[in-house]
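Trainee: Using the sequences plus the hints, can you model the full thing?
For the protein sequence lines, the chains are A and B, in the order given. Note that numbering that gives the first Met the number 0 has the first sequence beginning at 0, numbered continuously upward. Note that numbering that gives the first Met the number 0 has the second sequence beginning at 0, numbered continuously upward.
There could be a bad hint or two in this list.
Derived DSSO-like pairs (lysine-lysine); straight-line CA-CA distance at most 27 angstroms [said to hold, decoys possible]:
| hint | chain 1 | residue 1 | chain 2 | residue 2 |
| --- | --- | --- | --- | --- |
| 1 | B | Lys210 | A | Lys199 |
| 2 | A | Lys210 | A | Lys338 |
| 3 | B | Lys193 | A | Lys199 |
| 4 | B | Lys193 | A | Lys193 |
| 5 | B | Lys279 | B | Lys217 |
| 6 | A | Lys193 | B | Lys199 |
| 7 | B | Lys338 | B | Lys210 |
| 8 | A | Lys137 | A | Lys199 |
| 9 | B | Lys90 | B | Lys216 |
| 10 | A | Lys200 | B | Lys193 |
| 11 | B | Lys279 | B | Lys200 |
| 12 | B | Lys199 | A | Lys200 |
| 13 | B | Lys137 | B | Lys90 |
| 14 | A | Lys210 | A | Lys279 |
| 15 | A | Lys193 | B | Lys200 |
| 16 | A | Lys90 | A | Lys357 |
| 17 | A | Lys199 | B | Lys199 |
| 18 | A | Lys279 | A | Lys338 |
Stretch-level coverage of chain B by chain A, calculated; a stretch enters the list once three of its residues show a Cβ under 8 angstroms from a Cβ in chain A [unchecked claim]:
| hint | region |
| --- | --- |
| 19 | 66-75 |
| 20 | 221-230 |
Computed, partial: chain B to chain A, Cβ under 10 angstroms [as the list claims (entries may be wrong)]:
| hint | residue |
| --- | --- |
| 21 | Val87 |
| 22 | Lys193 |
| 23 | Leu237 |
| 24 | Ala240 |
| 25 | Ala243 |
| 26 | Ala244 |
| 27 | Leu246 |
It is worth saying that the hints were derived from the structure and are not from the lab. Backbone N, C-alpha and C fix where the C-beta goes; we use that ideal spot for every residue, glycine too.
There are 2 protein chains.
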Amino acid sequence: MALWYQPPPTLNLISPTLKLNSLRCNYNCNLSILNSRHTHVPEPEPVFASVKTFAPATVANLGPGFDFLGCTIDSLGDFVSLFADSFVRPKEIAITQISGNAVGKLNRNPLSNCAEIVAIEIMNMPEIRSVGLSLLLKKGLPLGSGLGSSTARAIAVNKVFGEKLRKEELELAGLNLEEKVSSYHADHSLDLKKLNFPEKKDLYFVLVSPKFEAPTKKMRAVLPLEIGMANFVWNSSLAVALAAAVLEGNVAGLGRALSGDRIVKPRQVPLILGMEVVKKTEIEVGAFGCTISRCGKTCGSGRVGGAELTAVAMINCEERRVRIGERMMEAFWREGRLKAVVVVNRLDRVGARLVDSKPR
Amino acid sequence: MALWYQPPPTLNLISPTLKLNSLRCNYNCNLSILNSRHTHVPEPEPVFASVKTFAPATVANLGPGFDFLGCTIDSLGDFVSLFADSFVRPKEIAITQISGNAVGKLNRNPLSNCAEIVAIEIMNMPEIRSVGLSLLLKKGLPLGSGLGSSTARAIAVNKVFGEKLRKEELELAGLNLEEKVSSYHADHSLDLKKLNFPEKKDLYFVLVSPKFEAPTKKMRAVLPLEIGMANFVWNSSLAVALAAAVLEGNVAGLGRALSGDRIVKPRQVPLILGMEVVKKTEIEVGAFGCTISRCGKTCGSGRVGGAELTAVAMINCEERRVRIGERMMEAFWREGRLKAVVVVNRLDRVGARLVDSKPR
Numbered sequence: 000m001a002l003w004y005q006p007p008p009t010l011n012l013i014s015p016t017l018k019l020n021s022l023r024c025n026y027n028c029n030l031s032i033l034n035s036r037h038t039h040v041p042e043p044e045p046v047f048a049s050v051k052t053f054a055p056a057t058v059a060n061l062g063p064g065f066d067f068l069g070c071t072i073d074s075l076g077d078f079v080s081l082f083a084d085s086f087v088r089p090k091e092i093a094i095t096q097i098s099g100n101a102v103g104k105l106n107r108n109p110l111s112n113c114a115e116i117v118a119i120e121i122m123n124m125p126e127i128r129s130v131g132l133s134l135l136l137k138k139g140l141p142l143g144s145g146l147g148s149s150t151a152r153a154i155a156v157n158k159v160f161g162e163k164l165r166k167e168e169l170e171l172a173g174l175n176l177e178e179k180v181s182s183y184h185a186d187h188s189l190d191l192k193k194l195n196f197p198e199k200k201d202l203y204f205v206l207v208s209p210k211f212e213a214p215t216k217k218m219r220a221v222l223p224l225e226i227g228m229a230n231f232v233w234n235s236s237l238a239v240a241l242a243a244a245v246l247e248g249n250v251a252g253l254g255r256a257l258s259g260d261r262i263v264k265p266r267q268v269p270l271i272l273g274m275e276v277v278k279k280t281e282i283e284v285g286a287f288g289c290t291i292s293r294c295g296k297t298c299g300s301g302r303v304g305g306a307e308l309t310a311v312a313m314i315n316c317e318e319r320r321v322r323i324g325e326r327m328m329e330a331f332w333r334e335g336r337l338k339a340v341v342v343v344n345r346l347d348r349v350g351a352r353l354v355d356s357k358p359r
Numbered sequence: 000m001a002l003w004y005q006p007p008p009t010l011n012l013i014s015p016t017l018k019l020n021s022l023r024c025n026y027n028c029n030l031s032i033l034n035s036r037h038t039h040v041p042e043p044e045p046v047f048a049s050v051k052t053f054a055p056a057t058v059a060n061l062g063p064g065f066d067f068l069g070c071t072i073d074s075l076g077d078f079v080s081l082f083a084d085s086f087v088r089p090k091e092i093a094i095t096q097i098s099g100n101a102v103g104k105l106n107r108n109p110l111s112n113c114a115e116i117v118a119i120e121i122m123n124m125p126e127i128r129s130v131g132l133s134l135l136l137k138k139g140l141p142l143g144s145g146l147g148s149s150t151a152r153a154i155a156v157n158k159v160f161g162e163k164l165r166k167e168e169l170e171l172a173g174l175n176l177e178e179k180v181s182s183y184h185a186d187h188s189l190d191l192k193k194l195n196f197p198e199k200k201d202l203y204f205v206l207v208s209p210k211f212e213a214p215t216k217k218m219r220a221v222l223p224l225e226i227g228m229a230n231f232v233w234n235s236s237l238a239v240a241l242a243a244a245v246l247e248g249n250v251a252g253l254g255r256a257l258s259g260d261r262i263v264k265p266r267q268v269p270l271i272l273g274m275e276v277v278k279k280t281e282i283e284v285g286a287f288g289c290t291i292s293r294c295g296k297t298c299g300s301g302r303v304g305g306a307e308l309t310a311v312a313m314i315n316c317e318e319r320r321v322r323i324g325e326r327m328m329e330a331f332w333r334e335g336r337l338k339a340v341v342v343v344n345r346l347d348r349v350g351a352r353l354v355d356s357k358p359r
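Mentor: Structure below.
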């Protein structure tokens, strides 16, 4: 997925209505833009001495929305600080500090780390010639959040240059990125649509991440190449029911839709020790629905080959969160001898944002 | 599809979230109800001397919503008048008059006519023992409306008995019905969800019905048994985009979603002489999108083996309707030497309704 360039403010879906057009269009127009700019376009001056961005964690492949539906979680994500640094070679980004979760786990080889590649792709744009950047990353994700991290960096890099880089250029960077690190490239537009969950209603996510690494390739390998008509109709209408439930703020309906996928999750869940029991447990103890989220391209964790997994349950009140989290942790331990981290957070309604900036 | 029992007030989708549950539940609880009622339940007295119902035409299989998404068209449908008739044998329905379109085309063999079967199934319910009904049908559909007709009858029969028959019982009748006349039985719940198109916005349908009968079996035969993952993701997200566009009143988005199906329509459209050109034409002359609608189970026309077809274009203002209709008619004639009937109507926002009733 190439959601990174623009984080989902609430619940988002990729609108395929523009997919081919925008994808083709982006490639063509951007390549020509790049060529022309190579000679003519003036270099954008950094307009900020430093910027700090936050990108919330993303639950990807939401229920029946495999490869097109995700949402963001409040108060859980990555902070990226970035500043123009004359000690850094032009067009380069030096990661001067990594703090928070997953420290040491991050792969510092730029070509195997989505987040770095996104930033590098942007810095590689011809109009940027003499500026180098220093990057401070604070990982706030104890789980495979998918796309949060690279999103924050892309936004930060763009902010430094006063958002001179156009959406299409960020998209182009994202596409190049995907080709480099992804074993699977869907025909996706980067055009996002937003589904607003009603402001007046509450939606909480119980996120339980076992210490278990599912190899991305194995998780991909169990995906069916072909889907039977009955399951296709079922999942399509389920995805619509999910979207309608979101817009109505119908958490019960959302939960049912979340749990009802017949195509992807039934094949992936058995690969995760204890997950089947965890799913049952969540429903038993009053969650409205349960699914798994994983980092499709390992962008969030910045690791290639392995992806963290998270069991995601939805509830509409805080009371049950402790009990549900505990029961899910117990189930992972009992069934798979897996330790798990539990986080409960609200639905994020803002998305990736600039949290601080200092003008030059 | 089993939409018949309750027509979509505006744009509806079958919510699969309850499918298995409600389907199984309906079967079980109803069968037990029937058994128990067989001995204990008093016969419901007709509370109306006569009732008249209207069921608007239904555009079925809307765009990517194959077998789960449809909408109803204003001022176009079937009228059904029904009255308790002591000259009719108990538990029987006598069709005393058929007028309007498709007269003479209707199959009067109850077992091959959905509409009759629905009514008969209801009359067969054990609690009805001594009442016979006369039915007057006025067909208002020049096109394969799918489900309008049987809906009107089911509602009428129920009205006569003061709506004593429970939704589950009507559903059970619908399920029996489907098994009898359908060559294809999807695992569908009869639970409907409604997607409201904003009241303030206008939505018109240009419905062009060529004099062409596509054999239902042939149209079914071209359906793929298996669907590739990329097309599955595409169509699922397209269906969600369609639902979102409806709720937003975004006619342009709705049109794109309507036209974007990659799985069903691309296989069926070539079977209809001239349809490919008609689709292009509609878009060229300013329609927002185009699809085909056909009567999946031939319930609407009451004919088995053949189903009428309609090219459906969406517009948001009346001005272009004449031009678009004419161009579509021309295309059908030019490409396939097919005469066509054009009807332009608004989206129906009410659904099947009681239009008149006389108390006993």
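Trainee: Could you run down the list of hints and mark each one as holding or not?
Mentor: To see whether the hints hold, each was checked on the structure:
As the CA atoms of Lys210/B and Lys199/A are separated by approximately 52 angstroms, the hinted pair breaks the 27 angstroms bound. Restraint check for Lys210/A and Lys338/A: satisfied, since their Cα atoms lie roughly 6 angstroms apart, inside the 27 angstroms limit. For the proposed pair Lys193/B and Lys199/A, the alpha carbon gap of about 21 angstroms is at most 27 angstroms, so the pair holds. Distance restraint check for Lys193/B and Lys193/A: the Cα-Cα separation of roughly 20 angstroms lies within the 27 angstroms cut-off, and the hinted pair is therefore satisfied.
Of the supplied pair hints, the one linking Lys279/B and Lys217/B holds, its CA atoms being roughly 24 angstroms apart against a limit of 27 angstroms. Between Lys193/A and Lys199/B the CA atoms are separated by roughly 21 angstroms; this keeps the pair inside 27 angstroms, and the hint holds. Taking the CA atoms of Lys338/B and Lys210/B, the gap is near 6 angstroms; set against the 27 angstroms cutoff, the hint holds. Distance restraint check for Lys137/A and Lys199/A: the Cα-Cα separation of roughly 32 angstroms exceeds the 27 angstroms cut-off, and the hinted pair is therefore not satisfied.
Restraint check for Lys90/B and Lys216/B: not satisfied, since their Cα atoms lie roughly 33 angstroms apart, outside the 27 angstroms limit. At most 27 angstroms may separate the alpha-carbon atoms for a hinted pair to count; Lys200/A and Lys193/B meet this at roughly 20 angstroms. Between Lys279/B and Lys200/B, the direct Cα distance comes to roughly 25 angstroms. Compliance with the 27 angstroms bound is thereby established for this hinted pair. Annotation: proposed proximity of Lys199/B to Lys200/A holds, straight-line Cα distance about 25 angstroms (limit 27 angstroms).
With a C-alpha separation of about 22 angstroms, the suggested pairing of Lys137/B with Lys90/B holds against the 27 angstroms cut-off. The straight-line distance between the Cα atoms of Lys210/A and Lys279/A is roughly 20 angstroms, inside the 27 angstroms bound, and the hint therefore holds. For the suggested pair Lys193/A and Lys200/B, the alpha carbons sit about 20 angstroms apart, so the restraint of at most 27 angstroms is met. A hinted pair counts as satisfied when its Cα atoms are at most 27 angstroms apart, and Lys90/A with Lys357/A qualifies at roughly 21 angstroms.
Between the alpha carbons of Lys199/A and Lys199/B the distance comes to roughly 24 angstroms, so the proposed pair stays at or under 27 angstroms and holds. Proximity of Lys279/A to Lys338/A is assessed by CA-CA distance (about 18 angstroms); at most 27 angstroms being required, the pair is judged to hold. Only residues whose beta carbon comes within less than 8 angstroms of a beta carbon in chain A count, and the region 66-75 of chain B has 3; three or more means the coverage holds. For the region 221-230 of chain B, the stated coverage by chain A is satisfied: 8 residues place a CB nearer than 8 angstroms to a CB of that chain, which reaches the threshold of 3.
A least Cβ separation of about 40 angstroms between Val87/B and chain A goes past the 10 angstroms threshold, and the interface hint is therefore violated. Checking Lys193/B against chain A: minimum C-beta separation of about 9 angstroms stays under 10 angstroms; hint holds. Given the 10 angstroms rule on beta carbons, the hint for Leu237/B holds: about 5 angstroms separates it from the nearest Cβ of chain A. This hint holds: Ala240/B has a C-beta 4 angstroms from the nearest C-beta of chain A, less than the 10 angstroms allowed.
A cut of 10 angstroms between beta carbons decides the hint on Ala243/B: the least distance to chain A is about 6 angstroms, and the hint holds. The criterion of a C-beta within 10 angstroms of any C-beta in chain A is met by Ala244/B, whose closest approach is roughly 8 angstroms, and the hint holds. Interface restraint check: Leu246/B against chain A, minimum CB-CB distance 6 angstroms, threshold 10 angstroms, status holds.
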